[in-house]
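A.B. asks: Got chain A sorted already, so can you dock chain B onto it with the hints?
Listed here are the chains, written in short residue letters.
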Amino acid sequence: MNKATIFIIDDDQQVRAALSLLMESVGWEVKLFSTATSFLEQFDSDIPGCIISDIRMPMMSGLDLQMKLKEYSMVPPILMITGHGDVAMAVRAIQAGALDFIEKPFNNQHLLDRVHKAIEIDNGNRETAIRVLEANEKYNRLTDKEKEVFEWIIKGALSKQIAEKVFVTQSAVEARRSKIMEKMDADNISDLMKMAMTMNMINV
Amino acid sequence: MNKFKILLSVLLFSLSLTSAAKNISIAVLAFSGEEYARTSWQPTIDYLNAHILKHRFKLIPVEPNKIQYLEQLVQQQKVDFIITQPVTFVEFQVKHGATSILTLVDESKSSQFGSVIFARSDSDIINLPQIRDRSIAGANPKGLGGWLIGYNELKQHNVDVVNQSKVSFLGVQDNIVNGVLNGSVDVGIVRTGVLERLSDSGRIDLTKLRVLNQKKVKDFPYLLSTALYPEWAFVKASHTSNLIAKQVASTLLLMSPGSKEAVARGYWEWVTPVDYQPIHELMKKLRVGVYKDFGKISFLQYVKENLTLSAMFFIVLIVLIMTGLRVLKLNNKLKVVNYFIEQQNNMILDSVSEGIYGVDLSGRCTFINQALTDIMGWEKKDMLGKLQHEILHHTHADGTPHPSHQCPVYETFMDGKARFINKDTFWKKDGDSIFVEYSTTPIKDKLGSIVGSVVVFKDITQQIEHQQLQKQYEQDLEHVGRLNTMGEIVTGIAHELNQPLTVISTTAFAGSKLIESNQYSASKFLAIFSTLSKQAEHAASVIKHMRKMSNKDQSDYSLIDINVRIKGVITLLQSFIKDNNIRLMLDLDQSLPLVFVQAVQIDQVALNLCKNAIDAMDMSSSNKVLGITTKYLNEAIEVSVIDTGSGIDPSIADHLFDPFSTLKKNGMGMGLSISRSIIERHYGNLYLEQSAPGMTIFKFTLPIQKNHE
Chain A
0 MNKATIFIID DDQQVRAALS LLMESVGWEV KLFSTATSFL EQFDSDIPGC IISDIRMPMM
60 SGLDLQMKLK EYSMVPPILM ITGHGDVAMA VRAIQAGALD FIEKPFNNQH LLDRVHKAIE
120 IDNGNRETAI RVLEANEKYN RLTDKEKEVF EWIIKGALSK QIAEKVFVTQ SAVEARRSKI
180 MEKMDADNIS DLMKMAMTMN MINV
Chain B
0 MNKFKILLSV LLFSLSLTSA AKNISIAVLA FSGEEYARTS WQPTIDYLNA HILKHRFKLI
60 PVEPNKIQYL EQLVQQQKVD FIITQPVTFV EFQVKHGATS ILTLVDESKS SQFGSVIFAR
120 SDSDIINLPQ IRDRSIAGAN PKGLGGWLIG YNELKQHNVD VVNQSKVSFL GVQDNIVNGV
180 LNGSVDVGIV RTGVLERLSD SGRIDLTKLR VLNQKKVKDF PYLLSTALYP EWAFVKASHT
240 SNLIAKQVAS TLLLMSPGSK EAVARGYWEW VTPVDYQPIH ELMKKLRVGV YKDFGKISFL
300 QYVKENLTLS AMFFIVLIVL IMTGLRVLKL NNKLKVVNYF IEQQNNMILD SVSEGIYGVD
360 LSGRCTFINQ ALTDIMGWEK KDMLGKLQHE ILHHTHADGT PHPSHQCPVY ETFMDGKARF
420 INKDTFWKKD GDSIFVEYST TPIKDKLGSI VGSVVVFKDI TQQIEHQQLQ KQYEQDLEHV
480 GRLNTMGEIV TGIAHELNQP LTVISTTAFA GSKLIESNQY SASKFLAIFS TLSKQAEHAA
540 SVIKHMRKMS NKDQSDYSLI DINVRIKGVI TLLQSFIKDN NIRLMLDLDQ SLPLVFVQAV
600 QIDQVALNLC KNAIDAMDMS SSNKVLGITT KYLNEAIEVS VIDTGSGIDP SIADHLFDPF
660 STLKKNGMGM GLSISRSIIE RHYGNLYLEQ SAPGMTIFKF TLPIQKNHE
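Protein chains in written order, with numbering that gives the first Met the number 0: chain A, 0 to 203; chain B, 0 to 708.
Bound-form chain A, shown alone (with noise of 0.2 Å):
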C-alpha cells in the first residue's frame, strides 16, 4: 500500500512551499504542483492522501479540477484554498464534493486536523473500496442458485421459508446455505449480511 501523499496546488511558488513546509513538519509526503494541469498530468488515483489546491488558478482553477477528477473512481479528498471574498466559488466546491475550504491565511492548525480528517476519510474511502472487490469476488464464486438462496437469506427468510420458494426440500437449502458460508467467507449469519451490505445489496 502505497504512502498517503499530500498534493499542493498552487500557482504562487511562495504559498506552495510554506505549505510543503507545514506538511512536511508533521511528517506528511508532499508532492507540489504549479497548476492544475500538470497534476492531472501525474495522477495516479491508487495513491492516496489528500489535494490541497489554490481556488483561483490561472488557465485551470480549482473547481474545475474537481470536475475532471470526478472521471475516477478513486480520488483523495479535496480540501481548496480560498482568499478573501470567494465564498461563492467555495461553496460551489463543497456542493461539487470538495471535503472542505481553507480561507488564506490559514489557521495552520485547523489546517493540519484537516488534512488528517481527509487522509483518514481517504483510507476509509480505500479500505471500503477493498472489501467490496473482496466480497464481489466471494459472491462471484457463488453458483446461480446458491445466489437465489443468498438473496432470500439477505432478506432474513428461514431454511423452511427458502425451500418453499425455490421448490427444492429443506435440505438441500440447508447444504446450499452451508456452501455458502464456506465460499462467502461468512463464521456467521452476521458476516454474511455485512458483505452483503458491502456490495449495496440491502438498503439499511
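Keep in mind the hints are simulated off the structure, nothing from the lab.
For glycine and all other residues, C-beta sits at the position ideal for the given N, C-alpha and C.
Check before you lean on any hint, since a few could be wrong.
[Said to hold, decoys possible] Per the computed footprint, the stretches of chain B lying under chain A, defined by three or more beta-carbons under 8 Å from a beta-carbon of chain A, are:
| no. | segment |
| --- | --- |
| 1 | 501-508 |
| 2 | 524-537 |
[Stated by the list, open to error] Taking lysine to aspartate or glutamate pairs in the DMTMM-like style, the calculated list, with each CA pair at most 25 Å apart, reads:
| no. | chain 1 | residue 1 | chain 2 | residue 2 |
| --- | --- | --- | --- | --- |
| 3 | A | 146 | A | 136 |
| 4 | B | 623 | A | 102 |
| 5 | B | 566 | A | 28 |
| 6 | B | 577 | A | 10 |
| 7 | B | 457 | B | 410 |
| 8 | A | 144 | A | 126 |
| 9 | B | 566 | A | 11 |
| 10 | B | 623 | A | 10 |
| 11 | A | 67 | B | 578 |
| 12 | A | 144 | A | 133 |
| 13 | B | 523 | A | 28 |
| 14 | B | 533 | A | 136 |
| 15 | A | 116 | B | 464 |
| 16 | B | 533 | A | 10 |
| 17 | B | 543 | A | 11 |
| 18 | A | 2 | B | 515 |
| 19 | A | 144 | A | 173 |
| 20 | B | 577 | A | 11 |
| 21 | B | 577 | A | 102 |
| 22 | B | 523 | A | 23 |
| 23 | B | 533 | A | 11 |
| 24 | B | 577 | A | 40 |
| 25 | A | 30 | B | 464 |
| 26 | B | 577 | A | 136 |
| 27 | B | 523 | A | 63 |
| 28 | B | 577 | B | 536 |
| 29 | A | 30 | B | 515 |
| 30 | B | 428 | B | 473 |
| 31 | B | 623 | A | 11 |
| 32 | B | 533 | A | 23 |
| 33 | B | 523 | A | 11 |
| 34 | B | 543 | A | 102 |
[What the hints assert, rightly or not] Residues from chain B that face chain A, not an exhaustive set, calculated with beta carbons under 7 Å:
| no. | residue |
| --- | --- |
| 35 | 497 |
| 36 | 498 |
| 37 | 512 |
| 38 | 513 |
| 39 | 578 |
| 40 | 580 |
C.D. replies: Same frame as chain A, but now just chain B:
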C-alpha cells in the same frame, strides 16, 4: 430749260418769303393806357413797315401792371423789341439779356430827363428836409421821373419818406400837379417837362407852384430838382437777330428829327444808345425792381449760384451746429456733474459699498467713507490725520510685520503709478483681519504733481473662503475618486496582502512544528526566517501603497521616477491581472528624467487607467494584454495604457471625461474626469488616443519643465 428756271425762281421766292419775311412784334410800355400808346406809337411802327418791306412790324401796347405778361412774351420769343423807359429796360437787360439799340430824344431835343419836386408856392416848405413829415405824391413806385429820381434826391437830403404812410401814387402825372395845387398833398414829384406842358396848355399857373431844390443844367430847358438820367430806350430782345436789329436801328436813325411820326408820340428823334449805367446805380441805391434785394445777400440766389460750395457749407454748418450742441450739452452735463460732485461728494463716497480713503504724502489719512467704517470698524476720529499703514496694514495675514516702505499705497505716490492688489490683509478695529482687494491711485493737483493717493478696497474674505472651500471640494472629490478606485480593487489588494500573510503564518507555524518534532536544521531555519522577513516586507509595501492611495491630503510635490510609480500601481493590480488571465507587457524607457509631481495623484491616474483597461477586457475570452509604455517625447514624459478589450462605444467616447459617465455597472464615473483634472493641473494632457475592438490606447503626458513650480 426755260420752264425750269421760272419754276426755280418761284420756289426760291416763296422760300425767302416763308423764311425771312417775319412778323416783328414791338412792345411798348403804355404808361398812359393802351389806347394812348397805340395811337401815339403806331405812326413810328408804320414808318418801319414803310421802310423795311421785308418784315411786317406790329405794335403791342403793354400797361406797366402787365409787365410779367411782357416777360412771358419775351421768353416765348413772341416779342422782338421793346420801347420802354429806362427802369424797365434795365430789368430786361439784367433778367433777359436785352440790349438797347437806340435812345429817344424828346421834343425838347434832350435825351435826358429828371424830376421836379414841388410844393404850392404859398406852402411853408422851402427846402427838401422840410418835407420829412409832409404828405407827398408820385406817379408810381417804379416811375422814374414821376418818383424814383425825385425820391433819390430826397434820400440824398436825408429825407426818407418811403416808410411813411404819407406817400401816395396817383398814376397820371397831371393828378399830382392838381393834388398839390388843390392842397390834398403837400409835395409832388413829376417828370421834367410835365409842368411846362401843363402851363403851356394853360391848365395850370406855374406861379402857384414852388420848385424845390431847383437845379440849372446847361441846355436843359425844363424846371429841374434832380440829376439827369437817360431817356427811353429802344430795346432788342436777346433772341432777336442782329440783322433785323441793325435794319430797325438804321431805319429809325435815318428818320428826320421832328418828323410827324415822332411828334405823334411827342419825341424828337432816335439817337445811338446812351449809357444807362446811372439808371443801374439809381435802382441799386433805391433797391428797385431787379435790384430790390441789392446789398442784401439773397440766400436762395446764393445757393443756386454756388450749389457745391453751399452743400459743403451746409454740411459744415450742420456738423458745427451738432458739435456745438454736443459741446453745449456736455458742458451742461459737466456743470451738473461738477456741481453734483462738489455738493454730493461725501454722499457718493458714503453710498458706495467699497471702502474708500485718501492718503496725503506723509501717509496720513485725509478722508474716509462710510463703507470703510462699516467694513473695518474704524471711524473718522480713528483714522483722519493718522498713518493709515499703522492702522490698517501693519501686519501680514501670517502675523509677520508689514513694513511701511513696502506698502503699495505709499509706493503709488512715490512713483505715480496706480496699482491693483488682488489679495492683501487689512486689520479691523476689533483686531480681526479681513482679506481685501484694492486699487490705489495717485491724486494729482491742477499742476499735475502728486499730492497723495486714494485707496478703494473691497472685502473679499468670503470670496477667498469660497475659493478655499471650492479647492477643498475638489480635493475631497479626488479623494472620493481614489477611494472608489480603491473599493473596486480592495478584493485584489486583500488577496495581494493575503499571499504574504499566508506564507508568513504557515511558514512560522511549520517552523514551530519542526522544533516540536526535533527534526530541524540550521539551514532550514535560515530559509524559514528569510522567507518570513521577505514576505513581511512585501506585505508592508502593499499596505504602504494602499495607505498612500487612500490618504486624503496628497498635494505634496516630489521628484519621482514614473516607472517606479507604475510598478507600484501594478502591484496593487497584480491579482486582477492574474485572475483574469491577462498578459502584462511593460515597455518602460529606463532613461526617463524625474518629474516633479503630486506623486499619489499621478499613481491614481495610472491606477485608474490600468483598472479601466483590465475591466474593458472582462468580456474578452482570449488574448488579453495590458500594455504600459513610458517614453520621453517633446520635453514631456508620455505614458500609454493599452488594452485589447472591446473598445469604447463611440456614443460615449465624446463624454468619456465628463463626470458621472461610466461604462461599468458599479462605477461612479468619476475616474477619468478626476484623472484629467489631475493631469491638467500638472500642465499635461490626458486623452483617448485610439479606441477600436482589440486595441484601446489612453495616453497622458507630464511636462518636464513646467511642473517645477
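A.B. asks: All the hints need checking, so say for each whether the structure fits it.
C.D. replies: Hint-by-hint comparison with the structure:
1. 501-508: holds (count 7)
2. 524-537: This one holds; 3 residues, not fewer than the three required, reach chain A with a Cβ under 8 Å.
3. A:146 to A:136: holds (13 Å)
4. B:623 to A:102: violated (29 Å)
5. B:566 to A:28: Given pair residue 566 of chain B, residue 28 of chain A is violated - Cα atoms ~38 Å apart, limit 25 Å.
6. B:577 to A:10: holds (10 Å)
7. B:457 to B:410: The hint holds at about 20 Å.
8. A:144 to A:126: violated (30 Å)
9. B:566 to A:11: Holds. Residue 566 of chain B to residue 11 of chain A sits at ~19 Å (cutoff 25 Å).
10. B:623 to A:10: holds (19 Å)
11. A:67 to B:578: holds (20 Å)
12. A:144 to A:133: holds (21 Å)
13. B:523 to A:28: holds (17 Å)
14. B:533 to A:136: The given pair, whose Cα atoms are some 57 Å apart, is violated under the 25 Å limit.
15. A:116 to B:464: violated (68 Å)
16. B:533 to A:10: holds (18 Å)
17. B:543 to A:11: holds (22 Å)
18. A:2 to B:515: Holds, at about 23 Å.
19. A:144 to A:173: holds (13 Å)
20. B:577 to A:11: The given pair, whose Cα atoms are some 11 Å apart, holds under the 25 Å limit.
21. B:577 to A:102: Holds. Residue 577 of chain B to residue 102 of chain A sits at ~19 Å (cutoff 25 Å).
22. B:523 to A:23: At roughly 12 Å apart (the allowed maximum being 25 Å), residue 23 of chain A and residue 523 of chain B satisfy the hint.
23. B:533 to A:11: It holds: about 15 Å lies between the C-alpha atoms, which stays within 25 Å.
24. B:577 to A:40: holds (23 Å)
25. A:30 to B:464: Cα-Cα ~67 Å, so violated.
26. B:577 to A:136: Roughly 51 Å separates the two Cα atoms, so the pair is violated.
27. B:523 to A:63: Given that 25 Å is the threshold and the Cα spacing comes to 35 Å, the pair is violated.
28. B:577 to B:536: holds (21 Å)
29. A:30 to B:515: holds (23 Å)
30. B:428 to B:473: violated (35 Å)
31. B:623 to A:11: Cα-Cα ~21 Å, so holds.
32. B:533 to A:23: It holds: about 22 Å lies between the C-alpha atoms, which stays within 25 Å.
33. B:523 to A:11: Distance ~20 Å between residue 523 of chain B and residue 11 of chain A Cα, so the pair holds.
34. B:543 to A:102: holds (24 Å)
35. 497: Holds, about 4 Å.
36. 498: Constraint on residue 498 of chain B satisfied, holds at 6 Å.
37. 512: holds (4 Å)
38. 513: holds (5 Å)
39. 578: With a closest approach of 6 Å, the residue 578 of chain B hint holds.
40. 580: Interface hint status for residue 580 of chain B: holds (5 Å vs cutoff 7 Å).
In summary, the structure is inconsistent with hints 4, 5, 8, 14, 15, 25, 26, 27, 30 from the numbered list given earlier, while agreeing with the others.
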